[in-house]
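Asks: Input sequences plus hints: build the corresponding full structure.
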Amino acid sequence: MIDSNSITMLSIKNLHASINGTGILNGIDLTVKSGEIHAIMGLNGSGKSTLAKVLAGHSAYEVTQGTIEFEGKNLLELAPEERARAGLFLGFQYPVEIPGVANTQFLRLAYNTIQSQRGKEELDPLEFDDFVREKMKLLDMNPDFLDRSVNEGFSGGEKKRNEILQMALLEPKLSILDETDSGLDIDALKIVAKGVNQIINKDNATILVTHYQRLLDYIVPDFVHVMQAGRIVMTGGKELAMELETRGYDWIGSDQRNAKNRLTAGAHA
Amino acid sequence: MSNKAANSGDYLQYLLNSWSAKSADKLSGLSQLRARAIDSVNTQRLPNKRDEEWRFTDISPLTQLAFPPSQQQSKVVQANDLEQFYLPETTNRLVFVDGHYAAELSTIADAPIQMIGNLPAMMRSRASTIESHLGHYAKIDGNVFSALNTAFLRDCAVIIVPKKTVIVEPIQLLFVSTQEEVSSYPRCFVIAEQDSKLTLIEDHVSITSASYITNTVAEICLAANAHVQHIRIQRDSQQAYHLANCAVSLAHASQYQSVSVSLGSKISRYNLEVQLSDENSECTIDGLTLIAGQQLSDTHTCIDHIKPHCTSHQQHKCIVDETAHAVFNGKIMVRPQAQQTNSSQSSRNLLLSNTAKVDTKPQLEIFADDVKCAHGATVGQLDSEEIFYLESRGLSKESARKLLTYAFAADIIHRIPVASLQQQLEKIVLNQMQGV
Ligand SMILES: Nc1ncnc2c1ncn2[C@@H]1O[C@H](COP(=O)(O)OP(=O)(O)OP(=O)(O)O)[C@@H](O)[C@H]1O
Ligand SMILES: [Mg+2]
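Going down the list, the protein sequences come from chains A and B.
When the letters of the first sequence are read in order and numbered with our numbering, they come out as residues 6 to 274.
When the letters of the second sequence are read in order and numbered with our numbering, they come out as residues 1231 to 1666.
Among the clues, some could well be false.
[As the list claims (entries may be wrong)] Straight-line alpha carbon distances no greater than 27 Å define the calculated DSSO-like cross-link-like pairs of lysine-lysine that follow:
| hint | chain 1 | residue 1 | chain 2 | residue 2 |
| --- | --- | --- | --- | --- |
| 1 | A | Lys-125 | B | Lys-1627 |
| 2 | B | Lys-1627 | A | Lys-178 |
| 3 | B | Lys-1632 | B | Lys-1587 |
| 4 | B | Lys-1369 | B | Lys-1496 |
| 5 | B | Lys-1627 | A | Lys-78 |
| 6 | B | Lys-1587 | B | Lys-1561 |
| 7 | B | Lys-1369 | B | Lys-1427 |
| 8 | A | Lys-38 | A | Lys-195 |
| 9 | A | Lys-140 | A | Lys-199 |
| 10 | B | Lys-1632 | A | Lys-125 |
| 11 | A | Lys-140 | A | Lys-207 |
| 12 | B | Lys-1627 | B | Lys-1657 |
Note that these hints are calculated values from the structure, not bench results.
Replies: Okay, structure coming up:
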């Protein structure tokens, strides 16, 4: 929701980033305020996941130009774990499997780390077990997933649910969900969307990276951005997602001027 | 205290001389075995890196460490020094201090006293069994350390599980080193008779951080249908030298499972030889090496498929930090008769620093045609994407690395059927990496 009392949570200016000397992000500008939901769409390889990982602090990417502020602080100065502790969360497009670490052990470690950072009470294994089982009910997740190794052998959809479970546990201020909807069946999509909607409130913000307008029926975005070759080339409201669904992305490149017009018309309408 | 011996021959002579002067012989039945071992030592030399079996491990520092055999101390170690090593899961415990039996620290609760004891005690009732088996499995020719141990054999942990007997509680053999600049010669001797069952924990610990030499031999003989679980923990002092030989013989349909963990010692070497001598016998052999600093840990195993329809599974993992060096040489021998052999071996290695080193060598010698043998070896580092995933959830880089290191070792640790020992090892692994 767009709220006049909102504060600026994330401010990205002219962000350029490269990997192994190859430029991937070529000047991103994006402002996200508390309470807002932003969707980022775009063709494969346009740089959506790169943006997400740069925000989370992945060390393989080098920021060559531009600034990122998170709640007024220079995000680029923070190590990945400091970003997480400050309230930033990345739901991975491809969550990694960690054989040998029980999911419950991992979830509790992450939860307690963030809790202690916030000066809140940590939970012992028994307390945590009750707590996490409640959260899992919201996501219709089988508690068996607690005893398995982190993501190991989870189906694509199960991994995504596990990401949202982490989001629900860690209660981040800014969540970046990278294709959390990919690989989910319709029922799972509804459940996950319901979970996300329960977490969203006027004090936090969400960036959804997605290819499908379908997700946006359930989690309604305030803004839809289109990425192309490492830039945001167009911004609109949720109707832009519908248009992309029917027309694809071709027209954007071939009609830059039109795109520019939409950009000015659509932004912060 | 330590006289210097310039070369291998002097070194061995020094050891032999220092011993025979003192050993008043009570076990005359074994004197033949010892005499043969002394003769064997006299024909051998210390191995060096030109020997194929010792290519990666330079043991020559031993010639500079002519530590005399340990003497039994009158002032024995206090029980509360050792409590940290006791396992709540068992009250069956034989304690050997610097190789000498410590009756006052040992307890045997679960099993009749005739099944478990030290050599002199067991000789009273089981002399003929002992004499017909002791020294028959561990080769002494071509193995100077095994020969030395046998030459010095005076006491030993003995377990003889009678037919159809199941010893429920594990038996802990606790070998404690307390003295510096001595050499000690612990020994285990296990016979699991037909249809018997036993879990054995061979634990080498120290309450000194000094330099000493442990030269140990274990012989384990499984009769038909016997089951033996053998957990071996080597957590000697970081300055110690640990040389170990273990020989296992499996009769028809018997099962041997072992987990050996190597944590301590400056230089350690473990030779494990398993003979699948009759049909349908099975072994599962797992190993974990966790070393740092300048440690060197060498594991040599040989699984010998002699008869058809036998199964062996082996998984060995090394975690190597700083400038440490791990060696794994896993030989699988499938003899011409051993058709329908099913064997798998995996060697996985994790290097935690750029200066850590591992040499891994699977060695398959297959002389039968109808067999299933799978093997694989990997050497890797911690996965940066996994580290990033954990960091993105708030874990520091250090805790992420520790957790992933633990995860690498976890499946081996979880094969140890004693919860308290698992927990001890988990703690050690989680705290292993100091300088990250
Ligand atoms: N390590 C790398 N080396 C070279 N190029 C890379 C590397 N990592 C990513 N890229 C490139 O960066 C571009 C952007 O990738 P990114 O994963 O951000 O795309 P995306 O928009 O998330 O695509 P998708 O919709 O398929 O998830 C791609 O062309 C990709 O090949
Ligand atoms: Mg992507």
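Asks: For each hint, tell me whether it holds in the structure or not.
Replies: So, going through the hints one by one against the coordinates:
no.: 1; hint: A/Lys-125 x B/Lys-1627; verdict: holds, 22 Å
no.: 2; hint: B/Lys-1627 x A/Lys-178; verdict: holds, 22 Å
no.: 3; hint: B/Lys-1632 x B/Lys-1587; verdict: holds, 19 Å
no.: 4; hint: B/Lys-1369 x B/Lys-1496; verdict: holds, 25 Å
no.: 5; hint: B/Lys-1627 x A/Lys-78; verdict: holds, 22 Å
no.: 6; hint: B/Lys-1587 x B/Lys-1561; verdict: holds, 21 Å
no.: 7; hint: B/Lys-1369 x B/Lys-1427; verdict: holds, 25 Å
no.: 8; hint: A/Lys-38 x A/Lys-195; verdict: holds, 25 Å
no.: 9; hint: A/Lys-140 x A/Lys-199; verdict: holds, 12 Å
no.: 10; hint: B/Lys-1632 x A/Lys-125; verdict: holds, 24 Å
no.: 11; hint: A/Lys-140 x A/Lys-207; verdict: holds, 21 Å
no.: 12; hint: B/Lys-1627 x B/Lys-1657; verdict: holds, 18 Å
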